[in-house]
Amino acid sequence: MTKVQQKDHRASDIRVDLLLIASMIPAGSRVLDVGCGDGELLDYLRAQKNVDGRGIELSAHGVNQSVSKGLSVIQGNAEREISHFPDDSFDYVILSQTLQAMKRPDKILQELLRVGKRAIVSFPNFAIWRVRLHLLLRGRMPVTKSLDYPWYSTPNIHFCTIRDFVDLCDQLNIKIEKGMAVNSAGGEMFFNSLFMSNIFGTQGLYVITRP
Amino acid sequence: MITVEINKEAMTEKLKNNIIDDGFAEVVLLGKDDPLRLSSGEELSPFSVAYKCWGTLNDDKTNAIMICHALTGDQYARGENPITGKEGWWPKLIGPGLAVDTDKYFVICPNVLGSCSGSSGPKEINPKTGEAYGLDFPVITIADMVGSQVKLIDHLGIDKLFSVIGGSMGGMQVMHWAVSHKERVRTAIPIASTWRHSAQNIAFHEVGRQAIMADPNWHGGRYFETELRPHAGLSVARMAAHITYMSEGSLMAKFGRNLQDREKLTFGFDADFQVESYLRHQGISFVDRFDANSYLYITRAMDYYDISAEFDGSLRRAFENTPVKFCIMSFTSDWLYTTEESREIVRALNAVGAQVSFVEIEMDKGHDSFLLDCPDMFKIVSGFLKAEAQLSGIK
Numbered sequence: 007m008t009k010v011q012q013k014d015h016r017a018s019d020i021r022v023d024l025l026l027i028a029s030m031i032p033a034g035s036r037v038l039d040v041g042c043g044d045g046e047l048l049d050y051l052r053a054q055k056n057v058d059g060r061g062i063e064l065s066a067h068g069v070n071q072s073v074s075k076g077l078s079v080i081q082g083n084a085e086r087e088i089s090h091f092p093d094d095s096f097d098y099v100i101l102s103q104t105l106q107a108m109k110r111p112d113k114i115l116q117e118l119l120r121v122g123k124r125a126i127v128s129f130p131n132f133a134i135w136r137v138r139l140h141l142l143l144r145g146r147m148p149v150t151k152s153l154d155y156p157w158y159s160t161p162n163i164h165f166c167t168i169r170d171f172v173d174l175c176d177q178l179n180i181k182i183e184k185g186m187a188v189n190s191a192g193g194e195m196f197f198n199s200l201f202m203s204n205i206f207g208t209q210g211l212y213v214i215t216r217p
Numbered sequence: 275m276i277t278v279e280i281n282k283e284a285m286t287e288k289l290k291n292n293i294i295d296d297g298f299a300e301v302v303l304l305g306k307d308d309p310l311r312l313s314s315g316e317e318l319s320p321f322s323v324a325y326k327c328w329g330t331l332n333d334d335k336t337n338a339i340m341i342c343h344a345l346t347g348d349q350y351a352r353g354e355n356p357i358t359g360k361e362g363w364w365p366k367l368i369g370p371g372l373a374v375d376t377d378k379y380f381v382i383c384p385n386v387l388g389s390c391s392g393s394s395g396p397k398e399i400n401p402k403t404g405e406a407y408g409l410d411f412p413v414i415t416i417a418d419m420v421g422s423q424v425k426l427i428d429h430l431g432i433d434k435l436f437s438v439i440g441g442s443m444g445g446m447q448v449m450h451w452a453v454s455h456k457e458r459v460r461t462a463i464p465i466a467s468t469w470r471h472s473a474q475n476i477a478f479h480e481v482g483r484q485a486i487m488a489d490p491n492w493h494g495g496r497y498f499e500t501e502l503r504p505h506a507g508l509s510v511a512r513m514a515a516h517i518t519y520m521s522e523g524s525l526m527a528k529f530g531r532n533l534q535d536r537e538k539l540t541f542g543f544d545a546d547f548q549v550e551s552y553l554r555h556q557g558i559s560f561v562d563r564f565d566a567n568s569y570l571y572i573t574r575a576m577d578y579y580d581i582s583a584e585f586d587g588s589l590r591r592a593f594e595n596t597p598v599k600f601c602i603m604s605f606t607s608d609w610l611y612t613t614e615e616s617r618e619i620v621r622a623l624n625a626v627g628a629q630v631s632f633v634e635i636e637m638d639k640g641h642d643s644f645l646l647d648c649p650d651m652f653k654i655v656s657g658f659l660k661a662e663a664q665l666s667g668i669k
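As they're listed, the protein sequences go chains C and H. Heads up, the first sequence is in the working numbering, so the first residue is 7 and it goes up one at a time. Heads up, the second sequence is in the working numbering, so the first residue is 275 and it goes up one at a time.
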């Protein structure tokens, strides 16, 4: 067996929202990161938590970066490639900031929970007050720093709100183990109502599992 | 064919003196006491493997990389090829400071069994008769080529290869190493390759073989007893195959419908079009460096290739419990061994929880892309090997 790379990873090395996801994953887990980008999270999880990780990434550049880190990442369309993994291949499947780019978010959620026992899903919350205000006052689709595309060429074809996500899980009979709103810095926001989360959360972050 | 004579002489000399080379000689005689058992059931004993190496084997012998060549390749992956006088076939991948860094790794490139650059093949002398084998050479498979390479690393005292890398038929050998000798390989890099020859692949090869065998100069495979060579047949075989190595787009971009040194159509069967002239040149220049019988043997080996055959046709089962880490690459414009075929390998590996990375490289030059200047490919091989070297403590 190959030795685990002992890199000195400090908390500041990875994005805060990824750190939050990493904190939810127990050491030694088998993890699939769908849309893993340059492999930042998988690299961190391997170094810090001895995680056996795999990734799927659409961009060749992202795969190159991941491979250079010694990660096992395949290039491809997430919705197509995930269907080729057997049931229960992973303890955790991560879909970070990618749900809104899927052709069928409902189908992908079911796929995540077929190949993984649990899924961690984060997505931009389209019901945040800033977006609501923008639509109310300007009457145009918002273009923000983190979602920097005009409506006609955006890869983000299925925006939803935190409430929409919770409703969908309910419809699909998916159990929510943990849910939270995340602020623009990537940190957890402590609200005790869905109403508040849905107004003030920049992102929704959910740990979901089969019923 | 000066080189034929050199090899013959060298081999005869070795056979006469009963020498088994040691060290890093260019041709080594193996399997004298331990025959190579072939897929056909026949045995080869002894047999020769011609090879080249670069770099230095480290003390614990953990930094060896094997490079596997394609159908018409040879052991001269880098440096000057003494047969053609041209530069080796992978000069931008292998070398000091390059992706396959010869300052860091010990790189071995053997000539495959059945070929014609010094390893045992139809052109070489049968030690039992003292004459060239011709069609008496046993039909071999990709597994047999790898079998001879296993004996080569035994001979070099290498227990486990750090990596096996190859494109096209080289990738088939990589796959065989990873499946049938998985305990002796740490990482595998098959490029522009496949897991079995398709009906279309076999069909193209059959055209080539028929062209050779239809040439009266082929002489039932014993042309070496005559003054003549089946150059016309071999040349046509190469022309047909060469089309499959390029994409329609690259042929069109390179030649279009341009005429060759003329203003208008001649209404004859001379090479009116540039593409015809180019293909003829490809065919003619090939016959000087390649043996027609070798072409028959190696294309046959590729046609017989199916990595799942020993596993009831299940690719998944072929990879079960594999400890090998894979890095697989395909090219967008390769219609000979398509991305989809590489993906089938990737999916089977994922299905058994193996460690695999895969990239489809954007390149418009067709199957031959892996032999061309392809920075994306170099980057991936380099990144993958560097990371693995770090993980396994190779400095």
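A couple of the hints might just be wrong.
As the list claims (entries may be wrong) - Distance condition first, Cα-Cα at most 25 Å in a straight line; then the derived DSS-like pairs of lysine-lysine:
(1) K538/H - K75/C
(2) K75/C - K366/H
(3) K75/C - K378/H
Said to hold, decoys possible - Computed Cβ-Cβ distance ranges for the label pairs, DEER-style:
(4) T150/C - A625/H: 38 to 44 Å
(5) I517/H - G193/C: 17 to 23 Å
(6) G530/H - P156/C: 56 to 62 Å
(7) E457/H - K151/C: 38 to 44 Å
(8) I163/C - E584/H: 41 to 47 Å
(9) H90/C - D308/H: 37 to 43 Å
(10) E361/H - G34/C: 46 to 52 Å
(11) D638/H - V149/C: 31 to 37 Å
(12) I163/C - E480/H: 30 to 36 Å
Hints were generated in silico from the structure; no laboratory data involved. Only a predicted model underlies this, so the values are computations on that prediction, with no experimental measurement involved. Cβ coordinates follow ideal geometry from the N, Cα and C atoms, glycine included.
Now for the hints, and whether the structure bears them out:
no.: 1; hint: K538/H - K75/C; verdict: violated, 57 Å
no.: 2; hint: K75/C - K366/H; verdict: holds, 23 Å
no.: 3; hint: K75/C - K378/H; verdict: holds, 18 Å
no.: 4; hint: T150/C - A625/H: 38 to 44 Å; verdict: holds, 40 Å
no.: 5; hint: I517/H - G193/C: 17 to 23 Å; verdict: violated, 59 Å
no.: 6; hint: G530/H - P156/C: 56 to 62 Å; verdict: violated, 39 Å
no.: 7; hint: E457/H - K151/C: 38 to 44 Å; verdict: violated, 52 Å
no.: 8; hint: I163/C - E584/H: 41 to 47 Å; verdict: holds, 45 Å
no.: 9; hint: H90/C - D308/H: 37 to 43 Å; verdict: holds, 42 Å
no.: 10; hint: E361/H - G34/C: 46 to 52 Å; verdict: holds, 49 Å
no.: 11; hint: D638/H - V149/C: 31 to 37 Å; verdict: holds, 34 Å
no.: 12; hint: I163/C - E480/H: 30 to 36 Å; verdict: violated, 48 Å
Checked against the numbered hints given earlier, this structure breaks hints 1, 5, 6, 7, 12; the rest are met.
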